Amino acid sequence: VKSGQSLLAIINDILDFSKIEAGRLELERIPVSPVEVINDVVGLFWERASSKGIDLTAYVGPSVPEAIVGDPVRLNQVLSNLINNALKVTAKRDL
368 VKSGQSLLAI INDILDFSKI EAGRLELERI PVSPVEVIND VVGLFWERAS
418 SKGIDLTAYV GPSVPEAIVG DPVRLNQVLS NLINNALKVT AKRDL
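Per this note's numbering, the very first residue in the sequence shown carries number 368; after that it's consecutive.
Honestly, the hints are just simulated from the structure, not real lab data. What you are looking at is a predicted structure, and each value in this text was computed from that prediction instead of being measured. A portion of the hints provided could be inaccurate.
Unchecked claim - Calculated lysine to aspartate or glutamate pairs in the EDC-like style (CA-CA distance at most 16 Å, straight line):
no. : residue 1 : residue 2
1   : 459       : 422
2   : 459       : 414
3   : 455       : 407
4   : 455       : 414
Claimed, not checked - Listed next, with one range per pair, are the computed distances between beta-carbon atoms:
no. : residue 1 : residue 2 : range
5   : 380       : 414       : 19 to 29 Å
6   : 380       : 406       : 13 to 23 Å
7   : 392       : 420       : 30 to 40 Å
8   : 417       : 449       : 17 to 27 Å
9   : 419       : 377       : 14 to 24 Å
10  : 422       : 392       : 34 to 44 Å
11  : 386       : 429       : 33 to 43 Å
12  : 395       : 418       : 26 to 36 Å
13  : 431       : 396       : 10 to 20 Å
14  : 410       : 455       : 16 to 26 Å
15  : 371       : 445       : 12 to 22 Å
16  : 394       : 432       : 17 to 27 Å
17  : 452       : 427       : 18 to 28 Å
The beta carbon of each residue, even a glycine, is placed where N, CA and C say it ideally should be.
Using the sequences and the hints, build the whole thing.
What follows is the structure, encoded as structure tokens:
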């Protein structure tokens, strides 16, 4: 399931680049739970981080609203890219 989600994310990234180049990228404005988005992204990368000996966790502060208006797909992409890049440059820890 997670590999399918990762593949879908890559395909969406490629499609987004095409839309950006064509000036046709439209952002959704719907209620989004920051906690759900963060948990989904951490769940996607948890196994990869664990295999490197990295404990991947997330903390959402109490001042973060339960819901925001935004584009959940784009938020997921941004967070995924940040975590993916962090895992690329973080050395494997010897257990």
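Tested hints:
Taken as a hint, the residue 459 and residue 422 pair is honoured in the structure, with Cα atoms around 11 Å apart against an allowance of 16 Å. The suggested pairing of residue 459 with residue 414 holds, with an alpha-carbon distance near 13 Å, which does not exceed 16 Å. In summary, the hint linking residue 455 to residue 407 is not supported, as the alpha carbons are separated by about 19 Å, beyond the 16 Å threshold. Taking the CA atoms of residue 455 and residue 414, the gap is about 14 Å. The hint holds against a cut of 16 Å.
Between residue 380 and residue 414, the C-beta spacing of about 20 Å keeps the proposed range 19 to 29 Å intact. Remark: the range hint 13 to 23 Å for residue 380 to residue 406 is upheld by a beta-carbon distance near 21 Å. Distance hint check: the CB atoms of residue 392 and residue 420 are about 38 Å apart, consistent with the given range 30 to 40 Å. The supplied range of 17 to 27 Å is met by residue 417 and residue 449, whose beta-carbon atoms lie about 18 Å from each other.
Between residue 419 and residue 377 the C-beta distance comes to about 21 Å, which sits within the given range of 14 to 24 Å. For the pair residue 422 and residue 392, the supplied restraint of 34 to 44 Å holds, since their beta-carbon distance comes to about 35 Å. Range check, residue 386 to residue 429: Cβ separation about 36 Å, and the 33 to 43 Å hint holds. Residue 395 and residue 418 have their C-beta atoms about 33 Å apart, which keeps the hinted 26 to 36 Å range intact.
The hint said 10 to 20 Å for the Cβ distance between residue 431 and residue 396, and at roughly 19 Å that hint holds. Checked against the given bound of 16 to 26 Å, the beta carbons of residue 410 and residue 455, roughly 19 Å apart, stay inside it. Restraint check, residue 371 to residue 445: a C-beta distance of roughly 21 Å satisfies the suggested window 12 to 22 Å. Look at residue 394 against residue 432: about 19 Å separates their beta carbons, and that is inside 17 to 27 Å.
Residue 452 and residue 427 have their C-beta atoms about 21 Å apart, which keeps the hinted 18 to 28 Å range intact.
Consistency with the previously given hints fails for number 3 only.
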